[in-house]
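**Q** Can you make the complete structure from the sequences, with help from the hints?
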Amino acid sequence: MSNIFNIFVRSVFIDNMVFAYFLGMCSYLAVSKDVKTAFGLGLAVSFVLAVTVPVNYLMDKYLLQAGALSWLGERFASVDLSFLSLILFIAVIAGIVQLLEMVMERYLPALYMALGIFLPLIAVNCAILGGSLFMQEKNFPTVIHSFSYALGSGLGWLLAIVAFAAIRERLKFSNIPEPLRGNGIAYIITGLLGIGFMAFLGI
Amino acid sequence: MKSYSNTYMFLYVSALVVIIAVVLSLVSLGLKPRREANVQAEKALQILKASGYAHVERAQAIAAFDSLAEEEPSRSDGEMYRIRCADGSTGHVIPLQGKGLWGAIWGYAVLSDDLTTIKGVSFAHKSETPGLGAKISEEAFERSFEGKKLYDADGHFVSVKVVPKGKGETIAEENRVDAISGATITSRGVDKMLADGFQRIKE
Amino acid sequence: MKKYLGPLSKDNPILVQTLGVCSALAVTAQMKPAVVMALSVTVVCAFSNLIISLLRNTIPPRIRIIVQLLVVSFFVILVDQLLQAMLYDVSKILSVFVGLIITNCIIMGRLEAFALSHKPLPSLVDGVMNGLGYGFVLVVVAFFRELLGSGTLWNHPVVPASWYAAGYMNNGLMILPPMALILVGVMIWVNNSLTS
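Chains as they are written, first to last, in our numbering: chain A, 187 to 389; chain B, 4 to 206; chain C, -7 to 188.
Since the hints were made in silico from the structure, they are not lab data. Nothing here was measured: the structure is a model prediction, and the numbers come from that model. Ideal Cβ placement from N, Cα and C applies to all residues, glycine included. Do not rely on the hints blindly, as some may be mistaken.
The calculated lysine-lysine pairs, modelled on DSBU-like cross-linking and capped at a C-alpha distance of 35 Å, are [said to hold, decoys possible]:
1) A:222 - A:358
2) C:84 - B:164
3) C:2 - A:358
The following residues of chain B were derived to be distant from chain C, with all beta-carbon distances above 10 Å [stated by the list, open to error]:
4) 71
5) 84
6) 90
7) 93
8) 156
9) 177
10) 195
Simulated DEER-style distance windows between Cβ atoms [claimed, not checked]:
11) A:190 - C:156: 37 to 43 Å
12) A:195 - B:85: 25 to 31 Å
13) A:294 - C:165: 39 to 45 Å
14) A:195 - C:164: 28 to 34 Å
15) A:288 - C:81: 43 to 49 Å
16) B:181 - A:285: 46 to 52 Å
17) C:-4 - B:62: 51 to 57 Å
**A** Right, here's the structure in full:
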């Protein structure tokens, strides 16, 4: 049990998707202009991760891995379909995101409008695909572990983007040179945060 | 807006998937001979590099390899070769396989006739970070293994360790190599890969 | 015509649209992978734009993301297969990043913003121009990161040995991803100053 909790905490702070692996940067930089939208996107990303990683885990375990198909019968034990991983993972992610988009358009129209193009872009958010690919490498014993990992990664991403949005909201009151305002300073600050975060890598 | 029926959507995606799968399979099949030849040449180049032949043309790689090496029965279940090295001596080629930060790493070690000293190594990786983990396949790192020994002064098997500069004081210089700064996990992967590979031939 | 030059500066995918950032961090430690990536993204973006534009009136909105991803994956794998057979050395660099190209937000972003609502030829051009705009940023960042971080350009040593002997050291920080972010920030600064 403690292992599951361990995985969760690790993926929020130490294996943080944004600061340790620099995944999901496009939406992170583009949607962090105000805290409310950032929070909304963070929740969306967490939701997609929390659903797609366990689904992909099961697909990997019972369909894709070398020897995964042995439950079908002895002669399938040597089949290795792992080369299909990338495309099948993406297909699952695309499906879930399309679903999310439809639900959001109907029930959360304000957030839907605010996110704009970055909602469908969650489908290609490298953090989401990265989550599934890392899950494959990490060899979790059960699907619950993979869920814990996914939820932790999502919340880590959410924390990163909300914290960053809070910083950017404050930035509006500082004296930044005109051409550097907005995107320019955002990249630089993220870079600096990233450098600072590297201190965690020693843990 | 036109409304599409569920059947249409289902058929649309299915048709698209089928067309893509067919075209890609045909392309893959058609290009297979050339691809395989490239892969074999790559493997030959790697082994030749580890044996001291640094600048072989890809087109001549397989021919050169065939003239210098012969397969020998191995003590483990990997393939092993005996090869005539660039310096005239006989070497044994050991295959290596391991895990880096982002994916698989592998390579070949050419050991002296008595299997105690490294004559050369050649590493490759699938997806390590350029400038960091990817440096394991660069000449500087590979050459640092030349002359290193698998056994310590008392005759115990220690493999060749990959340790960060300044941390390996307790290990004799002939049994260690400097890790790549900034590429901790990839370096550890190499360390383990060597230990596993050499352990197998020891038995 | 002027409109199409947009992606090079005023409407640059990385500097202005905030797309394609992940790969800009991952592949720019050296120039060679940066160039390979830039060319591959340009090719895939251009052709995906073309195909989706041709199909744009037949795609049901409910499944458009899946359709887009299928088309993009098709071209990426096609490019990868062709390179593995014809230009093996280049393919070694690329196969690492195949996943990164499929998920490159520029490609998806242009499909959503342009190809779905414009004719095939303009879509093709849009794809090419965005690819080039992206490539431009990549090459500049990679130039500085490789030069200052490893003392080489295109894997050839450039900094004279005498400098190293005198105490010059490569800036190891440049090789790490955060520096790419800072360099892009500076490029945005320059780009904004030039275009406003």
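**Q** Do the beta carbons of residue 190 of chain A and residue 156 of chain C sit within 37 to 43 Å of each other?
**A** Violated, at about 50 Å.
**Q** Could you say whether the range 28 to 34 Å given as a hint is met by the Cβ separation of residue 195 of chain A and residue 164 of chain C?
**A** The hint (28 to 34 Å, Cβ to Cβ) holds, given that residue 195 of chain A and residue 164 of chain C are roughly 30 Å apart.
**Q** Does residue 156 of chain B clear chain C by more than 10 Å, comparing its Cβ with all Cβ atoms of that chain?
**A** Holds: least Cβ distance 34 Å, greater than 10 Å.
**Q** Confirm or reject the claim that residue 181 of chain B and residue 285 of chain A have a C-beta distance inside 46 to 52 Å.
**A** holds, 50 Å
**Q** Quick one, are residue 84 of chain C and residue 164 of chain B close enough, alpha carbons at most 35 Å?
**A** holds, 27 Å
**Q** Holds or violated: is the Cβ of residue 195 of chain B farther than 10 Å from all Cβ atoms of chain C?
**A** Holds: least Cβ distance 21 Å, greater than 10 Å.
**Q** So if I understand the rule, the pair passes when the alpha-carbon distance is 35 Å or less; does residue 222 of chain A with residue 358 of chain A pass?
**A** Holds, at about 16 Å.
**Q** For residue 177 of chain B, which was marked as not at the interface, is the minimum beta-carbon distance to chain C over 10 Å?
**A** holds, 27 Å
**Q** For the pair we were handed, residue 2 of chain C and residue 358 of chain A, check the Cα-Cα distance against 35 Å.
**A** holds, 23 Å
**Q** Regarding the assertion that residue 84 of chain B does not contact chain C, is the least Cβ-Cβ distance greater than 10 Å?
**A** holds, 22 Å
**Q** With d taken as the least Cβ-Cβ distance between residue 71 of chain B and chain C, does d exceed 10 Å?
**A** Non-interface label stands for residue 71 of chain B: nearest chain C Cβ at 22 Å, farther than 10 Å.
**Q** Quick one: are residue 195 of chain A and residue 85 of chain B within 25 to 31 Å, going by C-beta?
**A** violated, 51 Å
Hint violations for this structure: numbers 11, 12 and 17, all remaining hints satisfied.
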